[in-house]
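Q: Input sequences plus hints: build the corresponding full structure.
Here is how the chains run, residue by residue.
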Amino acid sequence: MTVFSQSVSPCGKFLAAGNNYGQIAIFSLSAALSSEAKEESKKPMVTFHAHDGPVYSMVSTDRHLLSAGDGEVKGWLWAEILKKGCKELWRRQPPYRTSLEVPEINALLLIPKENSLILAGGDCQLHSMDLETGTFTRALRGHTDYIHCLALRERSPEVLSGGEDGAVRLWDLRTAKEVQTIEVYKHEECSRPHNGRWIGCLATDSDWMVCGGGPALTLWHLRSSTPTTVFPIRAPQKHVTFYQDLILSAGQGCYVNHWQLSGELKAQVPGSSPGLLSLSLNQQPAAPECKVLTAAGNSCRVDVFTNLGYRAFSLSF
Amino acid sequence: TMSSESSKKRKPKVIRSDGAPAEGKRSRSDTEQAFEIEERRIQSCVHFMTLKKLNRLAHIRLKKGRDQTHEAKQKVDAYHLQLQNLLYEVMHLQKEITKCLEFKSKHEEIDLVTLEEFYTEAPPNISKAEITMGDPHQQTLARLDWELEQRKRLAEKYRECLSNKEKILKEIEVKKEYLSSLQPRLNSIMQASLPVQEYLFMPFDQAHKQYETARHLPPPLYVLFVQATAYGQACDKTLSVAIEGSVDEAKALFKPPEDSQDDESDSDAEEEQTTKRRRPTLGVQLDDKRKEMLKRHPLSVLLDLKCKDSSVLHLTFYYLMNLNIMTVKAKVTTTMELITPISAGDLLSPDSVLSCLYPGDHGKKTPNPANQYQFDKVGILSLRDYVLELGHPYLWVQKLGGLHFPKEQPQHTVMADHSQSASHMETTMKLLKTRVQSRLALHKQFASLEHGIVPVTSDCQCLFPAKVVSHLVKWVMIPHEDYMDLLFTKDIVEAGLAGDTNLYYLALIERGTAKLQAAVVLNPGYSSIPPIFRLCLNWKGEKTNSNDDNIRAMESEVNVCYKELCGPRPSYQLLTNQLQRLCVLLDVYLETESHDDSVEGPKEFPQEKMCLRLFRGPSRMKPFKYNHPQGFFSHR
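Quick mapping for you: the protein sequence lines, in order, are chains A and B. Under the UniProt record's numbering, the first residue of the first sequence is numbered 1, with each subsequent residue one higher. Under the UniProt record's numbering, the first residue of the second sequence is numbered 1, with each subsequent residue one higher.
Note that these hints are calculated values from the structure, not bench results. Warning: the hint list may mix true and false statements.
Listed next, the in silico DMTMM-like pairs over lysine to aspartate or glutamate satisfying Cα-Cα at most 25 Å (straight line) [stated by the list, open to error]:
| # | chain 1 | residue 1 | chain 2 | residue 2 |
| --- | --- | --- | --- | --- |
| 1 | B | K625 | A | E72 |
| 2 | B | K209 | B | E249 |
| 3 | A | K42 | B | D491 |
| 4 | B | K467 | A | E101 |
| 5 | B | K444 | B | D459 |
| 6 | A | K43 | B | D491 |
| 7 | B | K603 | A | E188 |
| 8 | A | K43 | B | E156 |
| 9 | B | K377 | B | E389 |
| 10 | B | K308 | B | D351 |
| 11 | B | K625 | A | D145 |
To give an idea of the interface, some chain B residues facing chain A are shown, with a C-beta separation under 8 Å as derived from the structure [as the list claims (entries may be wrong)]:
| # | residue |
| --- | --- |
| 12 | K75 |
| 13 | S546 |
| 14 | N547 |
| 15 | T592 |
| 16 | S594 |
| 17 | F615 |
| 18 | P618 |
| 19 | R620 |
| 20 | S634 |
For every residue, glycine included, the Cβ atom is placed at its ideal position computed from N, Cα and C.
A: Take a look at the structure:
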């Protein structure tokens with residue numbers, strides 16, 4: 001089993017995880033973290049079949065859980081999701097060009113200001129869907145190979161996308177045009193041809209962007225499009241995020257790496273899966289007691305780190 | 001005494017008187033002297049006579065006194081004696097009296113009928129109610145009379161019955177004679193009918209003989225025999241049942257107890273002698289005890305299962321008497337001589353061919369919990385050491401014999417339950433046949449695999465593309481320990497899937513410089529339980545499922561998606577199809593590897609497979625799924 005995606009509920013007490021068999025499991029973080037937690041608390045409260053293919057990406061709005069996998073995005077109501085036989089509220093499929101094979105959706109991004117959702121994946125386009133009406137408003141083309149990841153640059157607002165073609169592209173939402181392109185593999189400091197050129201993960205902090213994958217994990221200054229720090233780790237990284245003054249990354253290998261902005265490795269915390277694909281930080285204000293980092297990847301387990309320094313326990317499908 | 005005193009007093013007087021005159025007158029004449037002497041002499045004679053008289057008198061008085069004393073004494077003695085006699089008689093009489101008083105007449109020991117019954121039943125001439133009512137002595141006498149009367153009557157009856165019995169016994173004898181004379185006649189008729197039976201294909205005689213022998217089987221073997229024969233007749237003509245072994249020995253097991261007691265005492269005496277002569281070593285004694293404990297019943301049941309391809313599975317069932325369990329020995333014979341490929345050594349070996357017929361039933365431990373206590377007494381650690389000789393005590397064998405061992409309780413009685421046996425018979429027979437067939441199929445496949453050819457049947461060709469370049473170069477069996485030592489199989493071992501009842505193999509698939517090692521766990525329950533593969537690819541580094549997601553996907557293609565590879569039932573093609581798929585997967589992996597721009601020269605493996613997309617999803621999976629009949633590869 002491979003767990004591809006995670007999402008925390010708006011109340012902060014539940015965690016949804018999606019796997020390669022198309023199932024979504026809802027875990028109760030508050031039960032698993034409480035002092036009377038037993039073995040059953042580490043099992044899902046409910047597991048249901050959500051998609052026909054793997055659930056590659058999930059995000060949560062303040063009332064809904066949105067999951068995407070094989071070509072479709074589905075919406076679920078968090079309030080209903082714990083009941084047996086839960087059905088999706090709605091499902092949408094963006095207009096694809098190809099008909100031979102249904103492309104997968106690898107990344108979902110919420111734009112709160114516009115109340116819209118950006119989907120990107122196998123058909124090399126970014127589709128934007130209005131959450132109110134469900135219509136697909138625009139399709140941004142530019143990538144030459146499928147898209148792995150998305151990030152939102154709040155200030156502008158711009159969307160960054162990284163793909164298999166090795167480029168990170170920045171899109172302006174208002175004009176629906178590509179405004180900047182960074183071809184990471186062309187930079188000697190970070191390119192690693194034997195791994196390939198694909199960009200597997202992206203995170204941005206408005207002025208700064210960190211990306212990794214085939215090339216080395218690198219911190220970029222966006223305005224000047226220059227790589228400032230290359231993080232010295234060989235294994236391709238599949239997920240990266242900014243947290244307080246650190247950068248957390250995970251990928252091949254069982255570790256969650258804690259980096260300082262200077263490029264130093266502050267800590268390498270082992271998890272229980274041989275490879276990690278997704279990290280999730282529960283920062284919901286409504287549940288401060290459930291403030292944990294969860295990591296999932298190439299196994300049926302979701303590791304829970306209560307203190308970033310060590311793995312407390314694992315939830316399991 | 002008074003007289004003697006007086007005589008003594010006189011004497012001195014005499015002497016004095018004599019003395020005085022003597023002094024004065026010496027000159028007196030001799031005649032005076034002579035007259036005096038004469039006088040004195042007469043006096044002395046008189047005195048002597050007086051003395052004598054006195055002495056006589058004294059004696060007489062003494063005698064009288066004595067006589068008187070004696071008489072008195074005699075009287076006293078007589079009285080004394082009388083007294084003793086009387087006392088003795090008194091004692092005697094007293095004893096007699098007590099004896100009489102203590103006398104328990106035998107009549108008190110007899111349970112007489114109660115008074116009421118007596119008066120109601122006894123005829124009036126005995127009961128004499130008028131006299132007996134008042135007088136207890138007469139009453140008791142009457143009752144005793146009645147008792148005597150009744151006993152006489154009963155004795156009469158007894159004699160009558162005895163004579164009746166004699167008569168009847170004689171009649172029985174006569175009839176027995178008659179019947180025994182009938183037996184040889186019937187036998188000759190049976191003999192005469194044998195050719196007719198054979199002609200009509202109804203071997204009643206043979207079956208009858210078997211039933212005769214079956215009577216001597218111990219209960220579990222009997223249950224097995226009955227159920228198997230019934231099943232064979234009703235459902236499955238390919239099953240044949242026979243009984244082997246010595247009936248005489250079986251009969252000898254049931255000697256009457258007195259004989260065995262005599263034997264014991266004899267043997268005790270013998271033993272004493274031998275211990276005096278030479279004590280047998282402790283080891284030999286223990287060995288004998290062990291042999292005794294593991295003794296088999298002399299009869300065994302033989303089941304032959306014929307399979308579709310006319311190979312036969314021979315099963316011999318034994319019963320271990322002291323342990324109360326059944327064991328089985330298996331042998332597979334085929335119509336043609338099988339050349340065993342090296343890797344197929346264990347497939348059909350009698351030791352392992354029936355291992356885990358039902359999951360977990362490895363047959364190395366005794367299923368009867370009570371046996372452990374028995375083993376401790378004779379120093380047997382486990383039945384495992386003796387299974388080659390005695391056969392395997394599988395759980396399904398116990399069930400076929402109707403022996404039921406609940407898990408936690410030791411059982412002492414032999415409960416051979418027919419209903420338990422019947423419900424298992426059909427399932428077990430089917431499983432046995434499937435087992436033999438699958439093993440024979442594997443046997444054939446291994447022969448081909450050792451030559452580097454993956455045998456794919458024509459109805460499974462659609463699972464694979466027409467051109468497969470990667471090929472199998474090696475197929476060997478590896479021991480269990482070697483499998484555990486491999487680095488890339490650790491997670492299988494940790495998940496508890498690599499027990500010692502499985503068979504382990506190593507396959508090597510090559511293409512160009514790429515070498516793919518596949519470690520295979522073959523469960524004895526193949527093919528209902530699929531084999532498990534773990535891969536290690538050596539090409540531009542060592543790749544396993546811990547560092548390459550695509551290797552993980554390849555493993556999942558053969559392990560998880562095995563149902564597609566089962567082929568037509570009974571799916572004995574699963575293993576070879578899995579191997580063929582691995583070759584196809586290796587082809588896809590190598591051909592879809594993205595070209596490294598920094599390295600000069602063309603790709604080692606140009607892409608020949610038709611793929612819609614090379615990578616998909618966050619894990620960048622290769623297109624491993626083959627689509628038939630279009631012939632292209634896509635992602636799951």
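Q: Hint compliance check: list the failing hint numbers for this structure, sorted ascending.
A: Of the numbered hints given earlier, those the structure breaks are 8, 12 and 15, listed in rising order.
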